[in-house]
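With the sequences and hints as input, model every part of the structure.
Order-wise, the sequence lines are chains A and B.
By the count of my numbering, the first sequence reaches residue 234 at its end, each step adding exactly one.
By the count of my numbering, the second sequence reaches residue 243 at its end, each step adding exactly one.
Errors might be hidden in some of the hints.
[To be verified] Per label pair, the in silico range of CB-to-CB distance:
# : chain 1 : residue 1 : chain 2 : residue 2 : range
1 : B       : Arg124    : A       : Ala68     : 49 to 57 angstroms
2 : B       : His195    : A       : Gly234    : 22 to 30 angstroms
3 : B       : Gly57     : A       : Glu129    : 15 to 23 angstroms
4 : A       : Phe8      : B       : Arg87     : 55 to 63 angstroms
5 : B       : Thr62     : A       : Leu216    : 52 to 60 angstroms
6 : B       : Gly14     : A       : Glu132    : 20 to 28 angstroms
[Claimed, not checked] With a cut-off of at most 25 angstroms between alpha-carbon atoms, the simulated SDA-like pairs for lysine to any residue come out as follows:
#  : chain 1 : residue 1 : chain 2 : residue 2
7  : B       : Lys155    : A       : Glu132
8  : B       : Lys155    : A       : Gly138
9  : A       : Lys198    : A       : Gly208
10 : B       : Lys155    : A       : Ala131
11 : B       : Lys155    : A       : Arg135
12 : A       : Lys198    : A       : Phe22
13 : B       : Lys155    : A       : Thr141
14 : B       : Lys155    : B       : Thr128
15 : B       : Lys155    : A       : Arg143
16 : B       : Lys155    : A       : Thr140
17 : B       : Lys155    : B       : Pro88
18 : A       : Lys198    : A       : Met209
None of these hints come from the bench; they were simulated from the model.
No residue lacks a Cβ here, since even glycine has one placed at the ideal position from N, Cα and C.
Chain by chain, the residues run as shown.
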Amino acid sequence: MSDIVEAFLAALRLILSGDPEFLGIVGLSLRVTMGAVAIAAVIGLPLGALLATLRFPGRGAVIIVFNALMGLPPVVAGLFVYLLLSRSGPLGPLGLLFTPLAMTVAQTVLVLPIIVSITRQVVETMWEEYAEQLRSLGSTTMRAVPTLLWDARYQLVTGVLAGFGRASAEVGAVLIVGGNIAGVTRTMTTAITLETGKGNLPLALGLGMVLLTLTLVINGAAHAVGQVGRRAGG
Amino acid sequence: MRGEPTILPLRLSGVCYEAGGRVLLDGLDLTLNGPSRTVILGHNGAGKSLTLRLCHGLLRPTRGRIEWLGPGAAMAGRSRHAMVFQRPVLLRRSVRANLVHALSLAGIGGRGTRRCLADEALERFRLTDLADRPARVLSGGEQQRLALARAWVLKPEVLFLDEPTANLDPAATRAVEAMIDTFHGEGVKVVMTTHDLGQARRLADEILFLHAGRLVERAAARAFFESPQSPEAAAFLAGSLSF
Ligand SMILES: Nc1ncnc2c1ncn2[C@@H]1O[C@H](COP(=O)(O)OP(=O)(O)O)[C@@H](O)[C@H]1O
Ligand SMILES: [Mg+2]
Chain A
1 MSDIVEAFLA
11 ALRLILSGDP
21 EFLGIVGLSL
31 RVTMGAVAIA
41 AVIGLPLGAL
51 LATLRFPGRG
61 AVIIVFNALM
71 GLPPVVAGLF
81 VYLLLSRSGP
91 LGPLGLLFTP
101 LAMTVAQTVL
111 VLPIIVSITR
121 QVVETMWEEY
131 AEQLRSLGST
141 TMRAVPTLLW
151 DARYQLVTGV
161 LAGFGRASAE
171 VGAVLIVGGN
181 IAGVTRTMTT
191 AITLETGKGN
201 LPLALGLGMV
211 LLTLTLVING
221 AAHAVGQVGR
231 RAGG
Chain B
1 MRGEPTILPL
11 RLSGVCYEAG
21 GRVLLDGLDL
31 TLNGPSRTVI
41 LGHNGAGKSL
51 TLRLCHGLLR
61 PTRGRIEWLG
71 PGAAMAGRSR
81 HAMVFQRPVL
91 LRRSVRANLV
101 HALSLAGIGG
111 RGTRRCLADE
121 ALERFRLTDL
131 ADRPARVLSG
141 GEQQRLALAR
151 AWVLKPEVLF
161 LDEPTANLDP
171 AATRAVEAMI
181 DTFHGEGVKV
191 VMTTHDLGQA
201 RRLADEILFL
211 HAGRLVERAA
221 ARAFFESPQS
231 PEAAAFLAGS
241 LSF
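Here's what the structure looks like:
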């Protein structure tokens with residue numbers, strides 16, 4: 001019991017000390033995940049909105065695939081990106097394997113289906129309500145996409161935050177394509193995996209606390225955005 | 001009006017609309033000209049809303065033709081007719097942003113011009129104090145006023161209104177009627193539906209009476225209310241009186 005208390009106290013000291021290795025790991029994790037979420041949002045928001053408004057053959061299948069990919073195991077996403085980036089893979093010559101960029105790509109693959117699916121769902125409901133009014137005002141379906149994305153902004157922020165939560169919590173994808181190289185590709189989750197195995201509980205616990213806090217902040221932010229949205233008339 | 005060649009008259013020839021295996025509108029023949037106010041009357045389900053949506057181009061007739069015959073109709077550019085729906089959809093933005101967005105869709109003005117035109121419309125429809133409020137938290141009457149302002153800012157030549165006061169209290173109803181008068185006073189052709197006979201008496205120059213998807217009677221408003229020619233219209237007026 002006292003070992004655990006010891007470890008907790010050591011973890012707290014580590015967090016407060018501003019240890020450069022510790023901060024480096026936290027910083028890299030945030031950079032990788034935020035990069036992935038940003039790329040996934042830039043692609044996924046318009047893609048989800050188009051999927052919601054356009055009618056084309058195979059649309060149902062595309063929707064089902066994106067819904068299913070929301071549950072894609074991170075290790076599988078990692079394996080997929082690994083195969084793309086490995087020396088003999090199609091993108092091998094770029095030499096990206098075991099770099100932060102590779103981890104960002106792998107997490108983008110994880111986040112994209114979440115953003116696409118949530119956007120599609122939210123925008124589809126809104127489009128049902130808006131379609132006739134917007135057409136009356138002279139909008140084409142394409143022109144309606146930015147209108148719908150903006151009007152769904154509060155719900156979409158929640159969706160993007162859900163993607164952020166998934167990426168910041170996963171370990172399988174970044175471990176496979178990043179390799180958990182100290183000082184280069186070591187993130188919070190891969191470090192916890194490694195340090196726990198080595199018995200370095202203070203570092204693992206300290207990173208765990210930061211992750212937990214991050215999750216709380218994300219959920220708090222999602223809740224706050226939802227409140228603001230409701231107050232603005234849904 | 002406004003120096004542009006007119007798009008009127010609007011001609012419907014043999015217009016039918018079928019959906020779900022039912023004939024909802026059957027052989028509509030009529031020509032609408034400006035600037036008189038046309039009110040479409042009829043029981044629930046008679047086809048009033050469908051007629052407006054067909055005229056506004058939101059639906060295509062399954063048979064027959066709808067044509068704008070005026071010289072302005074052949075000119076390229078934005079639509080010159082607007083519609084206010086029974087339940088207008090306001091965007092999840094400020095009152096002013098709703099107007100600016102409509103102007104932007106219509107391709108009117110640059111950023112600065114749109115803002116000026118929007119403010120002018122807000123003033124005109126007594127919405128200036130609400131300009132920065134989220135549109136969706138306005139009261140029913142205020143929302144309908146914004147919907148009218150949004151139509152007005154587009155400077156249409158023809159305005160279609162579907163039961164514009166259906167869910168409003170008497171005060172808000174009067175306010176909306178005054179605004180419809182404003183449109184009419186500016187030379188806009190008003191085509192509207194209502195189930196409020198008092199409103200039809202107050203606003204209509206002419207009546208189109210629809211019954212079960214057919215145009216049963218068309219008459220000047222006074223003549224229609226004093227001596228309806230068709231038994232259906234007579235029954236409609238008598239039935240409405242007995243309420
Ligand atoms: N898209 C549709 N599909 C099937 N039936 C419809 C559709 N739109 C309207 N209707 C039916 O057409 C009839 C006329 O509708 P409407 O024009 O809305 O009547 P109203 O005169 O009350 O405005 C109604 O019976 C309605 O149920
Ligand atoms: Mg109706």
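Going through the hints against the structure:
no.	hint	result
1	B/Arg124 - A/Ala68: 49 to 57 angstroms	53 angstroms, holds
2	B/His195 - A/Gly234: 22 to 30 angstroms	29 angstroms, holds
3	B/Gly57 - A/Glu129: 15 to 23 angstroms	20 angstroms, holds
4	A/Phe8 - B/Arg87: 55 to 63 angstroms	58 angstroms, holds
5	B/Thr62 - A/Leu216: 52 to 60 angstroms	57 angstroms, holds
6	B/Gly14 - A/Glu132: 20 to 28 angstroms	25 angstroms, holds
7	B/Lys155 - A/Glu132	20 angstroms, holds
8	B/Lys155 - A/Gly138	14 angstroms, holds
9	A/Lys198 - A/Gly208	15 angstroms, holds
10	B/Lys155 - A/Ala131	22 angstroms, holds
11	B/Lys155 - A/Arg135	17 angstroms, holds
12	A/Lys198 - A/Phe22	16 angstroms, holds
13	B/Lys155 - A/Thr141	23 angstroms, holds
14	B/Lys155 - B/Thr128	19 angstroms, holds
15	B/Lys155 - A/Arg143	21 angstroms, holds
16	B/Lys155 - A/Thr140	20 angstroms, holds
17	B/Lys155 - B/Pro88	18 angstroms, holds
18	A/Lys198 - A/Met209	18 angstroms, holds
Checked against the numbered hints above, the structure violates none of them.
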